[in-house]
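**Q** Please build the complete structure, drawing on both the sequences and the hints.
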Amino acid sequence: AQTVTQSQPEMSVQEAETVTLSCTYDTSESDYYLFWYKQPPSRQMILVIRQEAYKQQNATENRFSVNFQKAAKSFSLKISDSQLGDAAMYFCAYRSPTSGTYKYIFGTGTRLKVLA
Amino acid sequence: DAGVTQSPTHLIKTRGQQVTLRCSPKSGHDTVSWYQQALGQGPQFIFQYYEEEERQRGNFPDRFSGHQFPNYSSELNVNALLLGDSALYLCASSLYGLDGRKLFFGSGTQLSVL
Numbered sequence: 001a002q003t004v005t006q007s008q009p010e011m012s013v014q015e016a017e018t019v020t021l022s023c024t025y026d027t028s029e030s031d032y033y034l035f036w037y038k039q040p041p042s043r044q045m046i047l048v049i050r051q052e053a054y055k056q057q058n059a060t061e062n063r064f065s066v067n068f069q070k071a072a073k074s075f076s077l078k079i080s081d082s083q084l085g086d087a088a089m090y091f092c093a094y095r096s097p098t099s100g101t102y103k104y105i106f107g108t109g110t111r112l113k114v115l116a
Numbered sequence: 117d118a119g120v121t122q123s124p125t126h127l128i129k130t131r132g133q134q135v136t137l138r139c140s141p142k143s144g145h146d147t148v149s150w151y152q153q154a155l156g157q158g159p160q161f162i163f164q165y166y167e168e169e170e171r172q173r174g175n176f177p178d179r180f181s182g183h184q185f186p187n188y189s190s191e192l193n194v195n196a197l198l199l200g201d202s203a204l205y206l207c208a209s210s211l212y213g214l215d216g217r218k219l220f221f222g223s224g225t226q227l228s229v230l
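For the protein sequence lines, the chains are A and B, in the order given.
By the working numbering, the letter at position 37 of the first sequence is numbered 37, and the numbering carries on one by one without gaps.
By the working numbering, the letter at position 71 of the second sequence is numbered 187, and the numbering carries on one by one without gaps.
By construction, these hints were calculated from the structure, which means they are not laboratory data.
Nothing here was measured: the structure is a model prediction, and the numbers come from that model.
Here a beta-carbon is modelled for each residue, glycine too, at the ideal position from N, C-alpha and C.
Keep in mind that the hints are not guaranteed to be accurate.
Derived DEER-like restraints, expressed as beta-carbon distance ranges [to be verified]:
| id | chain 1 | residue 1 | chain 2 | residue 2 | range |
| --- | --- | --- | --- | --- | --- |
| 1 | B | A118 | A | T20 | 30 to 40 angstroms |
| 2 | B | G144 | A | T18 | 30 to 40 angstroms |
| 3 | A | Q57 | B | H183 | 40 to 50 angstroms |
| 4 | B | Y212 | A | E17 | 38 to 48 angstroms |
| 5 | A | A1 | B | R171 | 16 to 26 angstroms |
| 6 | A | R111 | B | P186 | 33 to 43 angstroms |
| 7 | A | E10 | B | P186 | 41 to 51 angstroms |
| 8 | A | E17 | B | N193 | 39 to 49 angstroms |
| 9 | A | T5 | B | S123 | 30 to 40 angstroms |
| 10 | B | S228 | A | P40 | 19 to 29 angstroms |
| 11 | B | G132 | A | T60 | 44 to 54 angstroms |
| 12 | A | E10 | B | Q226 | 18 to 28 angstroms |
| 13 | B | P186 | A | R63 | 39 to 49 angstroms |
**A** Okay, here's the thing in structure tokens:
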């Protein structure tokens with residue numbers, strides 16, 4: 001069975017600085033999808049960034065980028081120029097490549113605090 | 117364009133009771149998934165509905181059941197509530213053709229079981 005581990009329960013970053021959130025996963029599958037979701041106090045899970053395992057190029061979305069290390073099964077999220085609005089819970093998630101599956105496996109999350 | 121809407125936002129029940137949670141998917145979406153998020157944990161997959169049928173199920177007992185209606189909206193039913201069922205219940209929608217590569221989540225229903 002696949003597992004997702006986020007070993008940092010809480011992180012802090014100064015406004016305008018850069019922070020990296022860690023995520024490791026375990027799977028025997030060779031192709032899969034990885035995601036980072038943000039959950040602000042409104043509780044709605046918001047997709048931050050997605051990575052397909054077959055793509056070697058790291059995904060980027062504006063200030064958000066990932067460092068995908070397939071052999072090490074590591075998927076970290078880098079947030080550049082941190083803003084107060086980035087404060088939230090961040091969840092790493094895994095999805096099997098099996099067609100028709102909507103089962104995402106989430107980690108336990110990292111709470112990000114942004115200091116003014 | 118309305119996103120995923122869930123009702124109610126909060127609910128308090130007692131042990132042994134039954135509860136029904138509701139979800140309307142994002143406009144144009146036809147697939148609904150339900151997740152349970154316990155305090156301090158990540159969401160856990162309960163089940164997924166498409167074409168009014170349960171297509172995939174996570175590791176949850178039969179006390180958890182669901183339904184999808186012709187307009188794609190969905191209900192989650194939990195019978196014989198336990199204290200451990202207290203959690204945030206999230207609904208997510210997608211378009212089946214996107215094959216689960218992008219889920220849109222609602223803001224959830226916070227269920228407290230006393």
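**Q** Now tell me, hint by hint, if it's right for this structure.
**A** Tested hints:
1. The hinted range of 30 to 40 angstroms is satisfied by B/A118 and A/T20, whose Cβ atoms lie roughly 35 angstroms apart.
2. The given range of 30 to 40 angstroms is respected by B/G144 and A/T18, whose C-beta atoms sit roughly 37 angstroms from each other.
3. Take A/Q57 and B/H183: their Cβ atoms lie about 42 angstroms apart, and the range 40 to 50 angstroms holds.
4. The given range of 38 to 48 angstroms is respected by B/Y212 and A/E17, whose C-beta atoms sit roughly 41 angstroms from each other.
5. At roughly 19 angstroms, the beta-carbon separation of A/A1 and B/R171 lies within the given 16 to 26 angstroms, and the hint holds.
6. Between A/R111 and B/P186 the beta carbon distance is about 41 angstroms. The supplied range of 33 to 43 angstroms therefore holds.
7. As the Cβ distance of A/E10 to B/P186 is approximately 45 angstroms, the hint placing it in 41 to 51 angstroms holds.
8. Separated by about 47 angstroms at the C-beta atoms, A/E17 and B/N193 satisfy the suggested range of 39 to 49 angstroms.
9. In this structure, A/T5 and B/S123 meet the distance hint of 30 to 40 angstroms, their C-beta atoms being roughly 34 angstroms apart.
10. Separated by about 21 angstroms at the C-beta atoms, B/S228 and A/P40 satisfy the suggested range of 19 to 29 angstroms.
11. One distance hint, 44 to 54 angstroms for the beta-carbon pair B/G132 and A/T60, holds here, with the actual separation near 50 angstroms.
12. Range check, A/E10 to B/Q226: Cβ separation about 22 angstroms, and the 18 to 28 angstroms hint holds.
13. Checked against the hint of 39 to 49 angstroms, the pair B/P186 and A/R63 passes, with Cβ atoms roughly 42 angstroms apart.
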